[in-house]
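> Given chain A, put chains B, C and D in place with the hints provided.
4 protein chains.
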Amino acid sequence: MILSIRNQFVPILIALCLLTSQVTFDFAPVSAEEAARTPVKVLVAYHSQSGNTERMAEAVVEGANSLPDTTVVLKRVGQVTADDLFSSDAIVVGSPVYWSNMSGEVKTFFDNWQFKFGVFPEFKMKNKVGAAFATGGQISSGKEVTMLTILAAMLGNQMIVVSAGGAFGASATTEGESPGIDKKELADARSLGRRVAEVAAWMKPLLSK
Amino acid sequence: MILSIRNQFVPILIALCLLTSQVTFDFAPVSAEEAARTPVKVLVAYHSQSGNTERMAEAVVEGANSLPDTTVVLKRVGQVTADDLFSSDAIVVGSPVYWSNMSGEVKTFFDNWQFKFGVFPEFKMKNKVGAAFATGGQISSGKEVTMLTILAAMLGNQMIVVSAGGAFGASATTEGESPGIDKKELADARSLGRRVAEVAAWMKPLLSK
Amino acid sequence: MILSIRNQFVPILIALCLLTSQVTFDFAPVSAEEAARTPVKVLVAYHSQSGNTERMAEAVVEGANSLPDTTVVLKRVGQVTADDLFSSDAIVVGSPVYWSNMSGEVKTFFDNWQFKFGVFPEFKMKNKVGAAFATGGQISSGKEVTMLTILAAMLGNQMIVVSAGGAFGASATTEGESPGIDKKELADARSLGRRVAEVAAWMKPLLSK
Amino acid sequence: MILSIRNQFVPILIALCLLTSQVTFDFAPVSAEEAARTPVKVLVAYHSQSGNTERMAEAVVEGANSLPDTTVVLKRVGQVTADDLFSSDAIVVGSPVYWSNMSGEVKTFFDNWQFKFGVFPEFKMKNKVGAAFATGGQISSGKEVTMLTILAAMLGNQMIVVSAGGAFGASATTEGESPGIDKKELADARSLGRRVAEVAAWMKPLLSK
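Protein chains in written order, with the working numbering: chain A, 3 to 211; chain B, 3 to 211; chain C, 3 to 211; chain D, 3 to 211.
Looking at chain A on its own, in the form it has when it is part of the complex (with noise of 0.2 Å):
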């Protein structure tokens, strides 16, 4: 017998249950907040020269930790596993903006997806939760072009896609007034971590059986 049934009635309906018979109860994730307590696994995967793009990863990984029973692996793209690939329940990718898109090895780690992960064509990473972090010298010269396009290419997986610290994702603008990542940016990150996290948490009871 499956049931399921809303928060504010749960206490009455064990007492009453339990005043009554033998009951089992396996209570599984109802709430957005107990949902945010379902296990899940978010890969943080990035590309970084100066530090800047790492700096963003290590406040997204801090931001999927803020909830509990996470588990978040960051790697450098190169790094990246097909185990650490598939077992994820969500995807985060950072790059630095070079010519006004993501990097080279950020851009070949997607296209390694299928050369050496081989998600297609049955869609492997389907379901999962995608989104995107970005650093770049200017305001307005390719984070956002960087960001669109990692989700892009994870739409084209049918990845389902959130953003959070900025309508695409967190970014940081690395030169100018405010050189290096500064804490608004490293806010934005954690917030971008969390969310994704959150968003994982609610699908995984659903997606994962």
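Source of the hints: derived by calculation from the structure; they are not laboratory data. Please read all numbers here as calculations on a predicted model, not as lab measurements. Among the clues, some could well be false.
For chains that are exact copies, the list does not tell them apart, and a pair is met inside one copy or across any two.
[Stated by the list, open to error] Calculated pairs, SDA-like style, for lysine to any residue (alpha carbon to alpha carbon, straight line, at most 25 Å):
(1) Lys77 to Asp113
(2) Lys118 to Glu64
(3) Lys126 to Ala189
(4) Lys186 to Asn129
(5) Lys43 to Gly120
Chains B, C and D only, in chain A's frame:
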């Protein structure tokens, strides 16, 4: 014995428990199949002059309706009300390509999310499922841009974005060798409608508390 | 003997001819400097509610005017006439970011290139120089998309597209640490205006036969 | 003796000079036709695994060669040298679509513009003409994104961007009803090559001082 329980059934359930006293509870919104039975409301909003985008919109509606317990509202973008928007669990927006982009009517519809419906700063559309479809005369002359920028507007609203029927959504090429909307294109539109309803149904029990 | 001739030198030249009577002329639109003196007309069309995009538009005008023999027309998108459009050698379009994209007013302006001005199927805008600018409240939340999709509309018209002041054009972030339009952003807008006038002047002698 | 003289003064000048001398006139490239005879060098750089993008590249070459005095260099992206890059007046870059975007090889090629060839901070590619082409299995699944992001990389380099054969460049759909590259797609690629050579020829006399 599988039950989906709502408030009004709790007293009955309690009565049942009392009567039988040997119930095993396995509380879980368990399978995607079942989740797909969660009642959801999908809004399909479109602009169409020639009727091509309207035909695609109708196929999106069919796809969404192919899932049990899905209510679908089909409206031209100019007819959408605040209630249509806020009562929906998922929004699918379709546009013809005008000069490489969504039409002015569809863009104005998104602008009205704020100017008429005041979605910001509360992010009232947050966590609703979003998707896009497009029609255009030529191949590679704006359908991708139209779909991706519709998704970009949705991501800016913190919606959860999905695709089906194509990397970024369903689309149709309306001139050239196969004028109008052909069978494959309609099938893609149906896939998109079904996908959106499915993901919305997965998320609804968790999001609509 | 190489001469670069301006209006004021023509009488001297004539005198020279008269004196020497054995001159060989090799008429050529020789240097970029000189080309920049070809009279060109630049249309700057924008939408603005708060006045931010208008300030950027005015700076684009200043930049274009900094080149000799440049006529600049500054108009809100809704005020642009067929003659404004067709008599211009270059068009610079500016928009605020509304939901990650250009505003509905600006999109409708592009749609009217066809619906009101009938640019297609003759591609009447072909070979005009095009560029974009944008303002938006947040960093990385639509200014790139707004500029790139303006350029995409122009490319669809077979225009020749340039940028300056940023990878995709000039932009300003109007909220946060530096509210409104700051000096650097105005300088970027001026660079864009100058760049557009310069390229249009280079191309005009060749294109305007 | 090389002169650049405003149209309106030419008749007066001619009259005056003719009265007194034995002038030989050599009117330099004023018309597009003539401009097209200015010798230009076009680099066509591509990545191809299946051979589809290579076939398109060859058609781009044909199109460029259809203009007199055009030298075309066709190379895989990995084979391009600094001299190829800097001695060219125009660059056309082609890529297959891998996961909604240009391939990692092509992105790495752009990254190498800086890492190997050091184009920045002098913007050594400034004012070269740029264009893009793409091939992909499905309609609306990344060819537009691939072309637009190639153009975005070029705009970041302050190149002058054009299209032909489609709104954003030439493209081919290599699976489905018309597998491989068909005649219309090859014609589009030739249009693109010709367009690029033409615009480069127009600009060269002005830019190459």
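> Run every hint past the structure and note whether it holds.
Status of each hint after checking the structure:
no. : hint             : in the structure
1   : Lys77 to Asp113  : both (17 Å within a copy, 22 Å between copies)
2   : Lys118 to Glu64  : neither (29 Å within a copy, 36 Å between copies)
3   : Lys126 to Ala189 : between (32 Å within a copy, 22 Å between copies)
4   : Lys186 to Asn129 : between (30 Å within a copy, 23 Å between copies)
5   : Lys43 to Gly120  : within (21 Å within a copy, 36 Å between copies)
The earlier numbered hint that this structure contradicts is number 2, and it is the only one.
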